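Visitor: Protein chains in written order, with the numbering used here: chain A, 1 to 349; chain B, 1 to 169.
Read the hints as simulated data drawn from the structure, not as lab findings.
There's no promise every hint is true.
Said to hold, decoys possible - Below, a list of computed lysine to aspartate or glutamate pairs in the EDC-like style, where the Cα atoms sit at most 20 Å apart:
no., chain 1, residue 1, chain 2, residue 2
1, A, Lys328, B, Glu16
2, B, Lys32, A, Glu35
3, B, Lys144, B, Asp129
What the hints assert, rightly or not - Some chain B residues well away from chain A (every beta-carbon gap over 10 Å; in silico):
no., residue
4, Glu5
5, Pro50
6, Leu62
7, Glu64
8, Pro80
9, Ala88
10, Arg93
11, Glu94
12, Glu103
13, Asn105
14, Leu111
15, Glu116
16, Tyr160
None of these values were measured; they are calculated from a predicted model.
Yeah, the Cβ is synthetic: ideal placement off N, Cα and C, and Gly gets one too.
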Amino acid sequence: MYAPLIEETLIAAIKVVILLFGVVLPGASACVYFERKISAWIQQRIGPNRVGPLGLLQPIADVVKLLLKEDIVPAAADKKFHFLAPLISITIAVAVFAVIPFGNYVLIGNTYTYLSIAPHLNVSVLYVLALTSIGVYGITLAGWSSNNKYSLLGGLRSASQMISYELSMGLSLIGVLMIGGSLNLNELVIAQSGLKWNVFYQPLGFLIFMIASYAETNRSPFDLPEAEPELVGGYHTEYSGMKFGIFFLAEYANMIAASAMMVTFFFGGWQVPFLPEILGLHDGDLLLGLLQLGAFTAKVAVFLFIFIWVRWSLPRFRYDQLMNLGWKVLLPLALLNIAVTGTVMFFLK
Amino acid sequence: MNVTENIESQRLSFWEKIYLPEIVKGMALTLKQMFEPKMTRQYPEERFEPTGSYRGRPVLVLDESGERCVACGLCSRVCPAIAIEVQAAETEREKERFPVKFEINMLRCILCGFCEEVCPEEAIVMSKDYEMVFENREDGILGKDKLLVPIAQLQDRLEYLRSHQYYEH
Ligand code: SF4
Ligand code: SF4
Chain A
1 MYAPLIEETL IAAIKVVILL FGVVLPGASA CVYFERKISA WIQQRIGPNR VGPLGLLQPI
61 ADVVKLLLKE DIVPAAADKK FHFLAPLISI TIAVAVFAVI PFGNYVLIGN TYTYLSIAPH
121 LNVSVLYVLA LTSIGVYGIT LAGWSSNNKY SLLGGLRSAS QMISYELSMG LSLIGVLMIG
181 GSLNLNELVI AQSGLKWNVF YQPLGFLIFM IASYAETNRS PFDLPEAEPE LVGGYHTEYS
241 GMKFGIFFLA EYANMIAASA MMVTFFFGGW QVPFLPEILG LHDGDLLLGL LQLGAFTAKV
301 AVFLFIFIWV RWSLPRFRYD QLMNLGWKVL LPLALLNIAV TGTVMFFLK
Chain B
1 MNVTENIESQ RLSFWEKIYL PEIVKGMALT LKQMFEPKMT RQYPEERFEP TGSYRGRPVL
61 VLDESGERCV ACGLCSRVCP AIAIEVQAAE TEREKERFPV KFEINMLRCI LCGFCEEVCP
121 EEAIVMSKDY EMVFENREDG ILGKDKLLVP IAQLQDRLEY LRSHQYYEH
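Only chain A is shown next, with the shape it has when bound in the complex (with noise of 0.2 Å):
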């Protein structure tokens, strides 16, 4: 049933660019535009109008402006990890959206064509918890080899956070995973057909697991590791330019890759409810293939727009208030919501 392995190769790298070209860069200048658009209307605000119609070319000056900045290494930083850093930030980021299910398979001739790049890794789950926890080395190296007070703290502060709410976000997982029978994320959306998405069987494991994506994507009001106020700009205070931009981008793929994971997790990643039966659809029709790309981008848009709302509505956190949260409240709950799923799982079969 599969094509060869050269062929599959080939196939695999065209996923990668049209990944990269087509999803990770156009999401991340939307979510730029669209930050900078919700922040004005929260604010009763116009927000970007000036460049190109009704502002649309924005990002694309603002990457113009940060590639042509002056790119500033401090004297004392240790030259080779500053330098690093932001690669780690963006690999790690980037390298996320290979396992997203962006759609089940489209029949092309007949060859099976998945709408992801690696559809059939079966632990593809515990690969983006393990790819999460590496992403931290980023902002802490860019902290520690700043040679800069501000930054080190911040890269401090991100290692403790994300290792705190790893844990949760991990444990919140376990729910899913027990009904899904899965560990493969294309398979857990599978399970979810019919409009039997896990919401609805994990609204606390959803809770958890979202709260646990805002800490880990640095995203407010866990913004801690780049508190301005305290920090000047954190773990990013010593970098400028592209490099800056890189950091910039990554918390951007990072946000697209949390989306991505709370709607395949939680809110039946691809599946189109009602419709396909409708239309009389089968599993393989480009048609379906395409109206589960466009319901899957539809449902991450939507939490790509909570992320956004959140940020501009919510203060930031103290630091005894996250870890009190982290460690007190939501690892509890965590754990609470894996022994009550076992146990109505084990009465109900």
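Since the structure of chain A is provided, determine the placement of chain B with the ligands on it from the hints.
Guide: Just chain B with the ligands now, kept in the frame of chain A:
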């Protein structure tokens, strides 16, 4: 050590302590805010028209008989930013003193309006001009040619000053 007890846990009610209802309230507020009318003024197209109370760039008053300034130097003396330079000279006319040189360095001026307040001749007033853009430092120093403004253009400010003054001239 002077450590005060953290009474947050006593201060908040149960619903406040679990954050979520309060978060939802806050988010509802910002969502509503998104659909409110916008306050932004599209500046170069929509201009701001100040009233007489506005303190823009200080200018010298030019009335029917010429410039009012008698080069007493009070404005220069009072200016907290040391932005004004006056050099006096004399003529044969009845009002014999006048400034041969009057310069305001707009890179220094903080638009405080002290010069206007102290002037015995009502010769220097704040205008409505708020567009002070210079391409180099020399252009920022305004001489008499740029400072003298016909009195007709300054009526709003003069009226405002007269209706708000604390003593009779
Ligand atoms: S502007 Fe007024 S205060 Fe200044 S030198 Fe002239 S008369 Fe005196
Ligand atoms: S407005 Fe104030 S700072 Fe400006 S010239 Fe007058 S006294 Fe000086």
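Visitor: Work down the list of hints and note, for each, if the structure agrees.
Guide: Hint-by-hint comparison with the structure:
1. Among the hinted pairs, Lys328(A) with Glu16(B) is consistent with the structure: their alpha-carbon atoms are about 17 Å apart, no more than 20 Å.
2. This hinted pair checks out: Lys32(B) and Glu35(A) have alpha carbons roughly 17 Å apart, not beyond 20 Å.
3. About 16 Å separates the Cα atoms of Lys144(B) and Asp129(B), which keeps this hinted pair within 20 Å; it holds.
4. Non-interface call for Glu5(B) relative to chain A: holds, since the shortest CB-CB distance, roughly 14 Å, exceeds 10 Å.
5. Look at Pro50(B): its CB is around 22 Å from the nearest CB on chain A, clear of 10 Å, so calling it non-interface holds up.
6. Remark: the non-interface label on Leu62(B) is consistent with the geometry, its nearest Cβ contact in chain A lying 39 Å away (cut-off 10 Å).
7. No Cβ of chain A approaches the Cβ of Glu64(B) within 10 Å, the least distance being about 45 Å, so the stated non-interface status holds.
8. For Pro80(B), the condition that its CB be more than 10 Å from all CB atoms of chain A holds, with the nearest at approximately 31 Å.
9. With a least CB separation of 49 Å from chain A, Ala88(B) remains clear of the 10 Å interface cut-off, as annotated.
10. The beta carbon of Arg93(B) sits about 54 Å from the closest Cβ of chain A, which is more than 10 Å, so the claim that it is off the interface holds.
11. In this structure Glu94(B) is separated from chain A by more than 10 Å, as the shortest Cβ-Cβ distance comes to about 56 Å.
12. Distance check on Glu103(B): its Cβ is at least 36 Å (rounded) from any Cβ of chain A, clearing the 10 Å threshold; non-interface status holds.
13. With a least CB separation of 31 Å from chain A, Asn105(B) remains clear of the 10 Å interface cut-off, as annotated.
14. Every C-beta of chain A lies more than 10 Å from that of Leu111(B), the closest at about 26 Å, which supports listing it as non-interface.
15. Residue placement check: Glu116(B) keeps its beta carbon more than 10 Å from all beta carbons of chain A (closest about 34 Å).
16. Even its closest Cβ contact with chain A, about 30 Å, leaves Tyr160(B) beyond 10 Å, as expected for a residue assigned away from the interface.
In the structure shown, no violation is registered for any of the earlier numbered hints.
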